[in-house]
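Novice: This is what each chain is made of:
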Amino acid sequence: MKLYTKKAHELHDLLVNKEISAAELVRAQAERIEAAEPKVQAFITRTLDDAMAQAAKVDAKIAAGEAIGPLEGIPMALKDNMCTDGVRTTCASKILHNFVPPYDATVVTKLKEAGAILMGKCNMDEFAMGSSTENSRFFATRNPWDIERVPGGSSGGSAAAVAAGQAVFTLGSDTGGSIRQPAAFCGVVGMKPTYGAVSRFGLVAFASSLDQIGPFTRDVRDNARVMNAIAGYDLKDSTSAPVDYPDYEALLGQSVKGWRIGLPKEYFGEGIDPEVKAVIEKAVKVLEGLGAEIGECSLPHTEYALPVYYLIAPAEASSNLARYDGVRYGYRSEEAPDLITMFKKTRAEGFGEEVKRRIMLGTYALSSGYYDAYYLKAQKVRTLIKGDFDQAYEKFDVLLSPTSPTVAFKFGDRTDNPLQMYLSDICTLSVNLAGIPALNINAGFANGLPVGLQLMGKAFDEAKLLQLAYAYEQATGCHSQTPDLGV
Amino acid sequence: MSLTKDEVQHVAMLARLELSDKEVEKYTTQLNDILGYAQRLQALDTANVPPTAHVFPLQNVMRDDCVDPSMAREKILANAPDEEDGFFRVPKIV
Numbered sequence: 001m002k003l004y005t006k007k008a009h010e011l012h013d014l015l016v017n018k019e020i021s022a023a024e025l026v027r028a029q030a031e032r033i034e035a036a037e038p039k040v041q042a043f044i045t046r047t048l049d050d051a052m053a054q055a056a057k058v059d060a061k062i063a064a065g066e067a068i069g070p071l072e073g074i075p076m077a078l079k080d081n082m083c084t085d086g087v088r089t090t091c092a093s094k095i096l097h098n099f100v101p102p103y104d105a106t107v108v109t110k111l112k113e114a115g116a117i118l119m120g121k122c123n124m125d126e127f128a129m130g131s132s133t134e135n136s137r138f139f140a141t142r143n144p145w146d147i148e149r150v151p152g153g154s155s156g157g158s159a160a161a162v163a164a165g166q167a168v169f170t171l172g173s174d175t176g177g178s179i180r181q182p183a184a185f186c187g188v189v190g191m192k193p194t195y196g197a198v199s200r201f202g203l204v205a206f207a208s209s210l211d212q213i214g215p216f217t218r219d220v221r222d223n224a225r226v227m228n229a230i231a232g233y234d235l236k237d238s239t240s241a242p243v244d245y246p247d248y249e250a251l252l253g254q255s256v257k258g259w260r261i262g263l264p265k266e267y268f269g270e271g272i273d274p275e276v277k278a279v280i281e282k283a284v285k286v287l288e289g290l291g292a293e294i295g296e297c298s299l300p301h302t303e304y305a306l307p308v309y310y311l312i313a314p315a316e317a318s319s320n321l322a323r324y325d326g327v328r329y330g331y332r333s334e335e336a337p338d339l340i341t342m343f344k345k346t347r348a349e350g351f352g353e354e355v356k357r358r359i360m361l362g363t364y365a366l367s368s369g370y371y372d373a374y375y376l377k378a379q380k381v382r383t384l385i386k387g388d389f390d391q392a393y394e395k396f397d398v399l400l401s402p403t404s405p406t407v408a409f410k411f412g413d414r415t416d417n418p419l420q421m422y423l424s425d426i427c428t429l430s431v432n433l434a435g436i437p438a439l440n441i442n443a444g445f446a447n448g449l450p451v452g453l454q455l456m457g458k459a460f461d462e463a464k465l466l467q468l469a470y471a472y473e474q475a476t477g478c479h480s481q482t483p484d485l486g487v
Numbered sequence: 001m002s003l004t005k006d007e008v009q010h011v012a013m014l015a016r017l018e019l020s021d022k023e024v025e026k027y028t029t030q031l032n033d034i035l036g037y038a039q040r041l042q043a044l045d046t047a048n049v050p051p052t053a054h055v056f057p058l059q060n061v062m063r064d065d066c067v068d069p070s071m072a073r074e075k076i077l078a079n080a081p082d083e084e085d086g087f088f089r090v091p092k093i094v
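These protein sequences, in sequence, are chains A and B.
For the record, in the first sequence the residue sitting at position 207 is 207 according to full-length UniProt numbering, with numbers rising by one throughout.
For the record, in the second sequence the residue sitting at position 35 is 35 according to full-length UniProt numbering, with numbers rising by one throughout.
Think of the hints as simulated: they come from the structure by calculation, not from any bench.
Be a bit skeptical, because a hint or two may be false.
Straight-line Cα separation of at most 30 Å, BS3-like style, residue types lysine-lysine; simulated pairs [to be verified]:
1) B:K75 to A:K110
2) A:K57 to A:K110
3) A:K94 to B:K26
4) B:K5 to B:K26
5) A:K94 to B:K22
6) A:K345 to A:K277
7) A:K285 to A:K395
8) A:K464 to A:K112
9) A:K410 to B:K22
10) A:K18 to A:K57
11) A:K112 to A:K277
12) A:K110 to B:K26
13) A:K110 to A:K345
14) B:K26 to A:K7
15) A:K94 to B:K75
16) A:K458 to A:K410
17) A:K345 to A:K410
18) B:K5 to A:K410
19) A:K464 to A:K386
20) A:K345 to B:K75
21) A:K236 to B:K75
22) B:K75 to A:K277
23) B:K5 to A:K61
24) A:K277 to B:K26
25) A:K94 to A:K18
26) A:K7 to A:K410
27) A:K57 to B:K75
28) A:K94 to B:K92
29) A:K7 to A:K458
30) A:K112 to B:K75
Each pair of labels, with its calculated beta carbon distance range [as the list claims (entries may be wrong)]:
31) B:K26 to A:T341: 37 to 45 Å
32) A:Q474 to B:K26: 26 to 34 Å
33) A:G387 to B:C66: 38 to 46 Å
34) A:E10 to B:N60: 58 to 66 Å
35) A:E19 to B:K75: 22 to 30 Å
36) A:E34 to B:E7: 24 to 32 Å
37) B:Q9 to A:E275: 58 to 66 Å
38) B:V94 to A:D244: 32 to 40 Å
39) A:E275 to B:S70: 50 to 58 Å
40) B:R40 to A:E148: 30 to 38 Å
All C-beta atoms, glycine included, are put in the ideal place defined by N, C-alpha and C.
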């Protein structure tokens, strides 16, 4: 039995029926990580010893006839920007290469309480800045569908691990597309929840008004299941939303007949690969066949999302990353004759090129004399972008688009030109600026590479996105294909 | 408006980043490209548009004033690049 292609809900049933033990599952998972890792390189840190101890506890519970929770005993992994008590958390940066957090992020606490078993920490673009995971200071992660290509980013390790069967589910973080774009490139389900729906406590901050944690899974049911475990109000995050959170999994399986789906015309225009467009158009037909009503809509300020994002995100990052000074944790330069030299050398040696570029950009955009022209202007246009969505949702329940204008690209293709790299996020950025939820599912393939479909909803409408995605998945079986790594 | 090398040096100082001459050159070109691209925002009239700092308008989030245990000092200092007598140690300041 190939356990590494199974979904969490299937594995849960196997555990409950005593067809496998949690120890067997964790051992099989560790073997799969071992076998696939030379090709995929998804992990920065592995936590096998602790995982085996956790599995033994779950097995004792099952042996004693106790009920287990829906994620209990399920192997998972986390993007390496979520704090794990006693387990190194690096953000794929030299400046945090030796940082061992003294506490757990809220999502980690919640998943531990749910009984999920941590197998390791996944590779990413340094401080989540990038779209290909090539900006990791340690090594590049490869796309399991074609190891000559990038897995996307910044949560590339988390996406690749799920696609390659190295974890049943993982968490990533999404500031401008960093869950959805790698999910699209790796052919897995990836959710960027509404801003405030999942606690950011213990997530190393990149751009605080945009960052959001969400799950990567092999199917929609698993995604709903992990959302059930991580969504909710948290006292420790002052931007956490005090609203009622539904049981996402229980709501799956309903008819989508009569649902109004809008196709924002700006997301189907110039720059979208024709083969990607064809796959998405076919998916739209499937949804129409399920009874959904399709219509065109417009998000007229879409063209401004990229410049708005690349002012707001670096500005917030330059402020957040000021804390890395070599005093309390992380890397400190050997050359530190005085305090200011220590700061400058530590940061020069500790940060990589893209991180420095964004710190520079953000510092400039916030500096005296330029604040109004850049940062404030960007915040005002952000209001217009959010307004576009508010208007569209007066007529439509869900908006649909490609997740990325292209399939996964080759290594080095876009590293020389930052602006070109930034364009890979053109379909995903607006969602973060508007704070709404969006879900990527695999729509099909173009030349053997996965094409991602993005569903965007109203704030706190994750349940609707999951229901629609579930209907599509059940109709097409799009979640049944897995890459063949030859291992 | 274009950014000069001197301004890039000044911004690097504000950000506490030591840059090589080569980096200054590279960032001057790249930041000008990106800021040039951002100029297109000026085409929009936003005189009467309020800025969005946060999408979810929460204000003055308070918690109850109750005492919780703090993190252990040793656990926090375990990450310090340099420490002495329970304090973080840095190069001489004055």
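Novice: For this structure, which hints from the list above don't hold up?
Specialist: 6, 11, 12, 13, 14, 16, 17, 18, 22, 23, 24, 25, 31, 32, 34, 35, 36, 37, 38
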